[in-house]
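Participant: The lines below spell out each chain.
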Amino acid sequence: MEWNWSVIVEYQELFIRGLWMTIQLTVVAVVAGLFIGLILGLMRLSDKAWLRLPAVAYVDLFRGTPLLLQILAVHFAVLPALFQDVLGLPAPDAATSSFIALSLNAGAYIAEIFRGGIQSIDKGQMEAARSLGMTYRQAMKLVVLPQAFKRMLPPLGNEFIALLKDSSLVTVIAVNDITYAAFATAKNTFVRWPPYITAALVYLVLTLVLSRLVGYMERRLDPNGRKG
Amino acid sequence: MRKKGILFAALAVILSGLLTGCGGQSQTKADNVIQVGTNAEFPPFEFQEGNGEISGFDAELIRAIGKAVGMEVQITHMGFDAIFEGLSRDKVDVGVAAITITDDRKQTVDFTAPYFDAKQYILVPKNSNIKTLKELKGKKIGVQAATTGEAVVQGVFGKTYEGIKAYDETPSAINDLQIGRLDAVVVDSAVVVEFNKKLGEGKFNIVEDNSLPVEQYGMAVKKGNKDMLNKLNEGLKKVKENGEYDKIYQKYFGDHK
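Heads up: the sequence lines are chains A and B, in that order.
Going by the UniProt record's numbering, 110 is the number at position 110 of the first sequence; the sequence numbering is gapless.
Going by the UniProt record's numbering, 225 is the number at position 225 of the second sequence; the sequence numbering is gapless.
These are calculated hints, taken from the structure and not from any lab test.
All clues stand as given, with none of them false.
Selected chain A positions facing chain B (Cβ under 10 Å, derived; list incomplete):
| hint | residue |
| --- | --- |
| 1 | 12 |
| 2 | 75 |
| 3 | 173 |
| 4 | 187 |
No residue lacks a Cβ here, since even glycine has one placed at the ideal position from N, Cα and C.
All chains, full assembly: derive it from the sequences and hints.
Facilitator: And the structure:
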């Protein structure tokens, strides 16, 4: 067993670049995923089949296939076909492929969180708002969504943490995230423990920060200071 | 109570089955079997046939060596990194996976006499006029992680050079070169010959940079395992003398030396 910690110093640039890349991947996928998820979640609740069914199919597809496969497919098949064959442009780089694949995947899970959150709000809220003369859009925006968002925060927090860790899969298309840094260091030096532990600690710190952030928002959004 | 008794009995049977199963496995590591670890994703040196059997230059060579010294050969695909772990834990006797003999690796394993000379080739798009690795400064260069190709690029541009894109396997790097995301790929010469055959000749320019080191492949055994090392060296000598080595070489690499 090799415990040579100096390899971390030797390969520190990979870890620093990796930290930055993992943060970028998570932030982009969270923001884009929230956007995709909100739209798809609302589409799923629509009583119009042409809105609902595509959203159902999307969620089934992206939730029902492995993220690893989605990353490889987006990177090696979908984007090259779309950009080179259809648009006649150079295919985007691996980081862009990763942003797109992670966002699409997160969107599917977040759509379900939004749908569940909205459905958990008593129908009477929507009916009362409508009876006061609000349009569906106004009632959704001003009455239902604010209440639903509070309930969605814990599962959203889960999803963000899962996303942060799942971003490690982009290593397979040679994107220099934290996991890539650990793998590269381990493979080049045959020293295993220090790079793995370093990467694990970085993920742990990031997920802790993220979960505290979500926890803070949960408390902020609860006017009575109640827990849960 | 009775039900519980049956449950425990069933558990005991299962457990004892598992235990004897494990015991049985370690017993199969008999004296006349060479357990070989490889990474069967590196054609033409080692790859899996459609029926799951491991074949390739390395596989045929070690089988020939086994025959020459009167030992059975069992080849297991375990991934390149796992070979070294497997050697140190005695899961396998020898690693045969186009392993380049390096001073670094010599600290963890012992090597047989070299059995193959490998050069590093630079693969570039058809329209590129790159002649040497140094000209690729600032460009994106694909390699397979932990291979000599990566070491060569690291040697020129630094260990943490941002342009190094280290993939888990070479086909992905070649794919990204094809798609245009990479400016070059640095790989073993023998592998290039194989890929060119598959993709159709003339898709890439193969650049031979004479400043790049020539590598030698060796078979790796656990440090201090003299018995196995001597046997392998003896076998290697025999197959080189009796023409078996040349036959296998011819089959995989033709006259491309």
